[in-house]
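Could you put together the complete structure from these sequences and hints?
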Amino acid sequence: VTYVYGDLCSAALCLAAMWGGLRWNVSSKRRYLVISLVCAVIATLARENSLIPLIALGIVFAVIALARLRWKALLWGLVLLLPLLCGNAVRRGYEIRSGREIGDGIPAEAWIAMGMQGEWGGSGIYNGYAESIFGSTDGDTELTRDIAREYIRRRVGEFRENPAAMREFYRYKILEQWSEPSYASLTLTGKRADEAESELTRLVYFGWPADALCRFMNYYQNIVYLFVFCYAVGSWRRREGIESVLLLIAVIGGFLFSLLWEAKARYVIPYMMFLVPYMALGMDMVQRGLLRLWRRESTGE
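For the sequence shown, the positions run 32 to 332 when our numbering is used.
No false leads were mixed into what you were given.
Derived Cβ-Cβ restraints for the label pairs, each shown as a range:
| hint | residue 1 | residue 2 | range |
| --- | --- | --- | --- |
| 1 | Arg180 | Leu322 | 54 to 64 Å |
| 2 | Arg185 | Glu79 | 25 to 35 Å |
| 3 | Ile133 | Thr33 | 20 to 30 Å |
| 4 | Met314 | Arg202 | 21 to 31 Å |
| 5 | Glu226 | Arg61 | 51 to 61 Å |
| 6 | Glu150 | Asp177 | 15 to 25 Å |
| 7 | Arg62 | Arg180 | 43 to 53 Å |
| 8 | Arg185 | Leu219 | 26 to 36 Å |
| 9 | Leu322 | Glu230 | 41 to 51 Å |
| 10 | Leu219 | Thr330 | 49 to 59 Å |
| 11 | Leu219 | Met314 | 27 to 37 Å |
| 12 | Ala120 | Arg61 | 16 to 26 Å |
It should be emphasised that the hints constitute simulated quantities derived from the structure, not laboratory data. All figures in this text were calculated on a predicted structure; none of them were measured in a lab. The beta-carbon is built from N, C-alpha and C at its ideal position, and this holds for glycine as well.
Pasting the structure below:
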């Protein structure tokens, strides 16, 4: 449920929203704008983190508007408010139906504070801190926010006093999210696999298929990173337009978010999907370069 109706759904809809937005900017056809808006709203309702790639699209439109004096692109900045408004409308609808007010819940500061804690299992991983603080304050959002902010200030002070520890902490936090090729899929979906009646289920999670799958995903991830790097170098040299690196901007946003929030490899899945087209472009660039080199060697030029 988490992967299919959350991460994969929102990632696919974000891709559609970005495609529709770019098509609308080029063609001015309203149907593309409608597609983009609908996909953006549903993606945000599925996962609020979908705002990161949508903000990336807003950045691209802002640059287009300023550099090319295409002021209609600035409309996307206003459009970004629509998914947020729809989310609030859904919450308000449940309040009306239930007759009970929905509180603000756990503030973002509590999750950021948890993301700065070192645990035996990793850096910034889930440890129940946010729920614990929220529960200890009897669900007081403002008091929880104050406690979390105080912890963040203390932790920042510790990092300032020991920069080496800070670098080590965030190095591990990056690695455990961006170099974990299964993206916690086997861990998060197989919590009771050892109790399954099916021998096939136990084999997939604990037998040779699990090892083979992880090896394949590790090779694939390395290939993605290698050829995305090749594309980035080639694109920088060719000075391509900002539209061509829209997905890379979204990936950068996701990377920065992963430094702040709870560390979980699962959150990286959408951004790896965004990198796959650049992997293909990088392969094409390398292939073309090798062909040109071979032709020069063949002709003696």
